[in-house]
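Peer 1: The residues making up each chain are set out below.
Number of protein chains: 4
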Amino acid sequence: MRIFVFAGSLRKDSVNKKLAGLISQKLEGLGAEVDFADFREFEMPLYDNDIEQSDGLPAGAQGLADRISASDAFVIVTPEYNHSIPGPLKNAIDWISRIRPYPTAGKICFLASAAPSMVGGSRAVIALRPVLSPMGAWLSGDSFSLAQANQAFDDNGGLANADIEKLLDGMLDRFVKVSASAQTS
Amino acid sequence: MRIFVFAGSLRKDSVNKKLAGLISQKLEGLGAEVDFADFREFEMPLYDNDIEQSDGLPAGAQGLADRISASDAFVIVTPEYNHSIPGPLKNAIDWISRIRPYPTAGKICFLASAAPSMVGGSRAVIALRPVLSPMGAWLSGDSFSLAQANQAFDDNGGLANADIEKLLDGMLDRFVKVSASAQTS
Amino acid sequence: MRIFVFAGSLRKDSVNKKLAGLISQKLEGLGAEVDFADFREFEMPLYDNDIEQSDGLPAGAQGLADRISASDAFVIVTPEYNHSIPGPLKNAIDWISRIRPYPTAGKICFLASAAPSMVGGSRAVIALRPVLSPMGAWLSGDSFSLAQANQAFDDNGGLANADIEKLLDGMLDRFVKVSASAQTS
Amino acid sequence: MRIFVFAGSLRKDSVNKKLAGLISQKLEGLGAEVDFADFREFEMPLYDNDIEQSDGLPAGAQGLADRISASDAFVIVTPEYNHSIPGPLKNAIDWISRIRPYPTAGKICFLASAAPSMVGGSRAVIALRPVLSPMGAWLSGDSFSLAQANQAFDDNGGLANADIEKLLDGMLDRFVKVSASAQTS
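Sequence order for the protein chains is A, B, C and D. Each residue of the first sequence is one higher than the last, beginning at 1 in my numbering. Each residue of the second sequence is one higher than the last, beginning at 1001 in my numbering. Each residue of the third sequence is one higher than the last, beginning at 2001 in my numbering. Each residue of the fourth sequence is one higher than the last, beginning at 3001 in my numbering.
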């Protein structure tokens, strides 16, 4: 089973990328084949219907869609900007949403977030659900938000707090089991 | 496989109950064992922590929780009140959320709505997701909102519009397949 | 200028009531006439359209609507149940929403919340906005969420943290100024 | 009194721009000084904290912020992409949110939307509220969503349906009165 993982942040040194990396490693440990991407790989302009009409889907958006399509399940680790989805991540979703059938349709999706705040970006996860559900993604019953993310990692890239790491491990275990078993198509 | 179905409306003559009945019938046709409930069966007061401390969970709330727990998956057909979840339905969810583990944990959940408006109650579905996800429910990648519900049914209780009925049929087919196959626990 | 204040919690010993009391006191200090209510004053059943048809609006719902109507502005201090509006509060809003014009129409509204968590109930505030906006309430540009509310009050009922108290004071000052000046009708 | 108006769409021939134009004209008729902008004036890249660190705010984002700051109130007419805020509009908001104090702080804000669907883009308005409220904007008690927007305009750029135009007129009248009178700072 193949799982696609990326973080919705463009900056190089992002706690969300760090969390996406940790999740990827854990999913591999659970037997999944992981396709990990850096969001910077998917270059694309701001969505503009005129551009779509004249030039079609930008290569970066098509690339992101293809990586999701080629997987059985996917993980988005999202920063929270202004209590909601980061503009660049929403922009990428808007581009790939132009493809039919949706690349996300029938894929089990695990949402995570990380932020320096005490909320850990959970409002971005909340805002993503009504966007991804109508695109046919099956949202995991779990989601993981890492609070105070600047101090949450130990030197080896694991989580400093063992209880929080155990919580994440349980969620990912369920996610892999469901993704492997569910016949969504 | 057992699926619990109810509509979050107390009134006797509700389009949501009608839709819940239709969905139940269709799920049985797809081979599921259906437990259909009238929301009026679950009598309970407004949530008050003082009442919970002195009297524990009301019988109606416990009954609703037990019916969900005894099922592999569940369907809520929700009216939309003021662009969100009806107070009585949210109240019932608040009561059952006091039980650990959550009765909803690991259950696949299909959300539907019906309303006389052109939106068909979809904002109640949107508002339910961030409530049910943290209670461990796995939200179906599909949800169904029946617009202009007052005129949507034919004389036999089916949907008057064949295209819309086909859409619903496809969603329920996927829901049954995923519920039967997914190992969420 | 008259401001109506209540907390959407039924329990006697609620941090939300405590915060509503503190806000009332501060609003009086700013020159407003405050009408403070205990949510328990407004007894009403779960919303049921059949009951409304046969018996009309319950006295408790009418009472709540009248108190809002008689004021120039209002404050709701809300607990957060399951990441959203408490069932009993939503139920009360659903009842009063049956009145035309809406009792809330054209009233400036300040939303606050308190909770033991680090989020301080802010998700209930987020969920209330799309409910109250279509009922014509003008939502203050500020809202106040009190995190770790169990330890947030000092022995005199003030806030233990002076910075947080100052933040609240600034918000209430703006709220009173706008409520006094804005010609919303 | 000065009101800034723009539509969150980049395409040239957008129903949202058309609605923004109509609103601008009506606001001028009500005595306001209107500053109308085309969203294409504000060129900016996808938000990237690394770019912000190295280059500061892009000129387009600064320009948008300046136009809001120079006004007493503002109007956003938003398309709805995937049940939420368009990526490019959220991206612009994310950029200007880096400025302190927020350019939106203390400004009365009227939200509108237009879409070919029956919902008229109202879910984008719903998604914008929890973004703009914490940025200090005072959200109008009214918002306007134009359904079936492709057929909603007459040949003179007015609304074909007189009842809907009257609804909009009432909302804008209140918006101008409140914006002119409210002392939000």
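Worth flagging that the hints you see were computed from the coordinates, not collected in a lab. Cβ coordinates follow ideal geometry from the N, Cα and C atoms, glycine included. Where hints are given, some of them may not hold.
Here are the simulated DSBU-like cross-link-like pairs (lysine-lysine), alpha carbons at most 30 Å apart as the crow flies [unchecked claim]:
1. A:Lys18 to A:Lys166
2. B:Lys1177 to B:Lys1166
3. C:Lys2026 to D:Lys3012
4. A:Lys177 to B:Lys1177
5. D:Lys3018 to D:Lys3166
6. A:Lys26 to A:Lys12
7. B:Lys1018 to A:Lys177
8. B:Lys1177 to B:Lys1018
9. D:Lys3177 to C:Lys2177
10. A:Lys166 to A:Lys177
11. D:Lys3018 to D:Lys3177
12. B:Lys1177 to A:Lys26
13. B:Lys1177 to B:Lys1026
14. C:Lys2026 to C:Lys2166
15. D:Lys3026 to D:Lys3177
16. C:Lys2177 to D:Lys3018
17. C:Lys2177 to C:Lys2166
18. A:Lys26 to A:Lys177
To spell it out: a stretch of chain D is covered by chain A in this simulated footprint if at least three of its residues, at any positions, have a beta carbon under 8 Å from a beta carbon of chain A; those stretches are [what the hints assert, rightly or not]:
19. 3043-3050
20. 3136-3150
21. 3153-3160
Peer 1: If a hint holds in the structure, say so; if it does not, say that too.
Peer 2: Results of checking the hints against the structure:
no. : hint                   : in the structure
1   : A:Lys18 to A:Lys166    : holds (17 Å)
2   : B:Lys1177 to B:Lys1166 : holds (17 Å)
3   : C:Lys2026 to D:Lys3012 : violated (51 Å)
4   : A:Lys177 to B:Lys1177  : holds (16 Å)
5   : D:Lys3018 to D:Lys3166 : holds (17 Å)
6   : A:Lys26 to A:Lys12     : holds (22 Å)
7   : B:Lys1018 to A:Lys177  : violated (35 Å)
8   : B:Lys1177 to B:Lys1018 : holds (24 Å)
9   : D:Lys3177 to C:Lys2177 : holds (16 Å)
10  : A:Lys166 to A:Lys177   : holds (17 Å)
11  : D:Lys3018 to D:Lys3177 : holds (24 Å)
12  : B:Lys1177 to A:Lys26   : holds (28 Å)
13  : B:Lys1177 to B:Lys1026 : holds (13 Å)
14  : C:Lys2026 to C:Lys2166 : holds (11 Å)
15  : D:Lys3026 to D:Lys3177 : holds (13 Å)
16  : C:Lys2177 to D:Lys3018 : violated (35 Å)
17  : C:Lys2177 to C:Lys2166 : holds (17 Å)
18  : A:Lys26 to A:Lys177    : holds (13 Å)
19  : 3043-3050              : holds (count 5)
20  : 3136-3150              : violated (count 0)
21  : 3153-3160              : violated (count 0)
Hints 3, 7, 16, 20, 21, counting from the list given before, are not met by this structure.
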